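Quick note, the sequences are listed as chains D and G, same order. Add 409 to a position in the first sequence, counting from 1, and you land on the number used in our numbering. Add 33 to a position in the second sequence, counting from 1, and you land on the number used in our numbering.
Do not take every clue at face value.
Where chain G lies over chain D, by a calculated footprint (3+ residues, C-beta under 8 Å) [what the hints assert, rightly or not]:
1) 568–581
2) 586–592
3) 597–608
4) 851–864
5) 875–887
Partial pick of chain G residues on the chain D-facing surface, computed with a CB cut under 10 Å [what the hints assert, rightly or not]:
6) Arg153
7) His155
8) Val224
9) Val269
10) Asn270
Note that these hints are calculated values from the structure, not bench results. Since the structure is predicted, the reported quantities are computational estimates derived from the model, not experimental observations. Beta carbons are placed, not taken as given, at the ideal position from N, Cα and C, and that holds for glycine.
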Amino acid sequence: MAVDPAIAHLLRRAGFGYFPAEGEYFSRMSLSAAIDMLVDFDQMKDTVDSFIGTPGYLGTVSRGPFQPNSRVSDTRQRWLFRMVHSPRPLQEKMALFWHNHFATGYDKVAGQIGRDGASRAFGAKPSEEDYGVRGQYELFREYALGNFRDLLIEVSRDPAMVAWLDGDTNVRAKPQENYARELMELFTMGVDFFTESDVYAGARVFTGWNLRNFYPNDDDRYSTFRFRSSQHDTDSKTFSFPIYPDGGKTIPARSAGSGQQDGLDLINAVAAHPETGPRLARKLYAFFVSELKTPPESFIQQLAGVYYSSGYDMRAVVGSLLRSAEFQDPANYFARYSWPVEYVTRLLKAVGWTGFSASNAITPLANMGQVLFEPPDVSGWRLGTDWFSTGTLLARMNFAATLVSNQQFRLLSDALPSAGTPESLFAYMRDRLAPADYDTQASNDLLNYLYAGAAWTGEEVQVRIKAAGLARLIGGSSEYQFV
Amino acid sequence: MHFTRREFVRGGVTAFTVGFAAPAFLCDLARAQSATGRNLVVLYLSGGNDALSTLVPYADPAYYARRPEVAVPSGSVLQIGTDAAGSALGLHPNLTGLKSIFDAGRLAIIQRTGYTNSSRSHFRGTDIYSTANPQVAYGPGWLGRYLDTFPSPVDPLVAWNTSRSLPHTLKADVVGVPSIPNAVNYAFAPVTQYNTSGATNSDFLRANQDEAEYSKTAALAISSHVPVLRPHLAFVNGTAQAALATLDRVAGVAAYTPTTSYPPTGLGRALQAVAGALATEVGTQVFWVQTGGYDTHARQGTGAGTLSFLLNTLNSGLFAFYTDLSNQGLLDQTLVLQFSEFGRRVSENGSAGTDHGAGGLMMALGGRVRGGLYGTAANLEYTPDNETLENRGRDVRHETDFRSVYARVIDDWLGASSVNILGADFRNPAIDFV
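Take the sequences, apply the hints, and build the full model.
Now the structure itself:
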């Protein structure tokens, strides 16, 4: 059964592609029912982790026991596993969006609070951790489609973020500007809508938003947020933009004990700032709809309108986006440059994973330019055409070779019934991997590859070699790099 | 094999035609295009390098007063004399290799580089240094615009980015620059084959080799087309073509044995690849090398902190490169140009670090560099009439526009026109380091 093109588009954007049975399952429902199922993911239990280590699923390989809560390399594998297998793919997709939006890197955090603490600060799943420690990635899953203002509050108190942007040393005598600057420049309004004096005032707002490190036993190290009222600057702070609904631009002087309210006031203000909604809408447009054209301003204003009228509810915003004619326009199919993790997980889903381990994708992903929890800097990865250089494209082609080498016997058994002629094998593999359309010339080149060498017999050795070789060529082709 | 492809720039403004040819021909082309025999290595220290710890004004009492935790002690700096205004200056104690290059007269340090209304944003700041345009910091980079002056067809290895993603500086309208972070991985891997048919070993190996060849041929063929209505696809196809056409030459670089050992750092590996490309005469004229971590908001340190570690990495990599090129007789054709997106604030913060500032420094290193100190140091004591500081004394005010440094490189090293490439006249006769 062919996968409905609108469904396939939805699963590439709101998820990580689909395996054959998954594509067929969703194709049996209406598009709007499929969107509801993806958006209202809370109706499905979050049980994906219980399948880790189970035969028939993507594997994991670890030095010693698998410890995704406290070893960052294992956290990366758990995330790839969830991307491939979660029945709530939009949750993982939005977690990825937030990870890029609030880009935080493990290495620097490890330098500040140690490797053990840093691993937990990214990967700890509260239900599996003593003391209920919650890593930043689990925060992004929890707030995947949550309230953006609340997410900003959580991020401002997130130990990985506090360590990453040096908030731990933001004290009354010497305010530390790093977090306040990025809160305004990258997380909300954008670079053109605040002044340097706003940065200084913002730094003072967050004085005392520090960390507490504790060691409950010899092996474990944790960092949690703490507000140190003694280190909070209690004087008033004045901004160039309104902080309060009445237009007031000054956060009043407060007692040290209630000083944390300064930060909440500022976060309220930047969430409500008239540039924040449009800026988020543009980022979401590039992430879900198209990177090939300038978003229509009317659509951006419409999404921003949902953002403000819903009180910053991202479920409403993203739901509205996915239900829009703009999203569903076939002209926007394959109009995004896939991120390396999107590329890898989509190919895994299409080709197969049995006997393959998520760990085998980590180095190839680095060569493609994306290491999870290691964005190049706080502005996140460079997207779109920037993913594609000669070296990173070779890395994609070579990952396809590695994966089909591993999956060639499975591909053989799946493809054999369709391998009567090179043409039928080509049609089978093209439909299975579902790249953007090949024009006639490219189709002929791929067929020529199947014809190259000995005459077609359709016997097993030949089909195995050619099916694998073809899957690799399709997976490495430019048409497959778009989602 | 010869074909023509049309490529479209994202945004659809420019359409152009380039001939695309086989590697052997391209080698000749590359040599012909590098007739000047000169190459430029741009070294970017990302994060905003602290100029005041790199080149230390160790005789300025305000430097110690304003940086009680992170000032480099005067006793440990590597003294290199005084600048034109008589300020005594010294290099960070870890920059021993750079000191010897300075002493040999092959290192120029341009003080207080920057521009008016310096951005304190990493991203805006980097865009400004990349485009050489503080007003409109998007579009092609300044070296991308230089590469676009080359007559077509342009060799795909005319420039070489050693980092993973293409820096803004090298973005061009026409010329696509390859990113080759690791020459060893720069290959088209075959699908693993298993001998399940009982073929003899030699038959099996031959069949494998044939199959790998068919595969590569097909990959070249499918990416050779130009889908006119899908310029984004044409862009990726062009990237694939450039990758597949340069594999052999890059493999030669991967096999390069240096004359000295490079430190096992990302910077060391990148510089070794650059030396390899020069020694094997690949024909590359512009290289991009970057090393990060300079955003030292906290625990910057003096002799042993974060910055000290970074400067050690910088020093060991550059000194190995300098030594290797000297041994190979390649120093005279090489110019290293170092920059960072801004300098850091004069006073330290509460985290024993420094926040985003304004004026920084740039360095030029090479066999034909006129070494020495250019420009004058800031007076770090704030008074309202102190013109060497800005932002109410918080930051160093620039003295030399960074575009004057670019102009010198464009006119006097690359042999092109800085007025055309930078869009205005930034030439400064005092900045004559090359």
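Results of checking the hints against the structure:
Here the segment 568–581 of chain D counts 6 residues with a CB under 8 Å from a CB of chain G, which clears the bar of 3, and the coverage holds. Check result for the segment 586–592 of chain D against chain G: holds, 3 residues qualifying (beta carbon to beta carbon below 8 Å, three or more required). For a cut-off of 8 Å, the count of residues in the segment 597–608 of chain D with a CB near a CB of chain G stands at 3, and the three-residue condition holds. Against chain G, the segment 851–864 of chain D contributes 7 residues with a C-beta closer than 8 Å to a partner C-beta. That satisfies the three-residue criterion, and the hint holds.
Requiring three or more residues with a Cβ within less than 8 Å of a Cβ of chain G, the coverage given for the segment 875–887 of chain D holds, as 7 such residues are present. Because the smallest distance between the Cβ of Arg153/G and any Cβ of chain D comes to about 6 Å, under 10 Å, the interface hint for this residue holds. The closest approach between the C-beta of His155/G and any C-beta of chain D is roughly 7 Å, which is under the 10 Å cut-off, so the hint is satisfied. Taken as an interface hint, Val224/G checks out: its beta carbon lies about 5 Å from the nearest beta carbon of chain D, inside 10 Å.
Checking Val269/G against chain D by beta carbon gives a least distance of about 4 Å; that is within 10 Å, so the hint holds. With 10 Å as the threshold, the beta carbon of Asn270/G comes within range of chain D, its nearest partner Cβ sitting at about 5 Å, so the hint holds.
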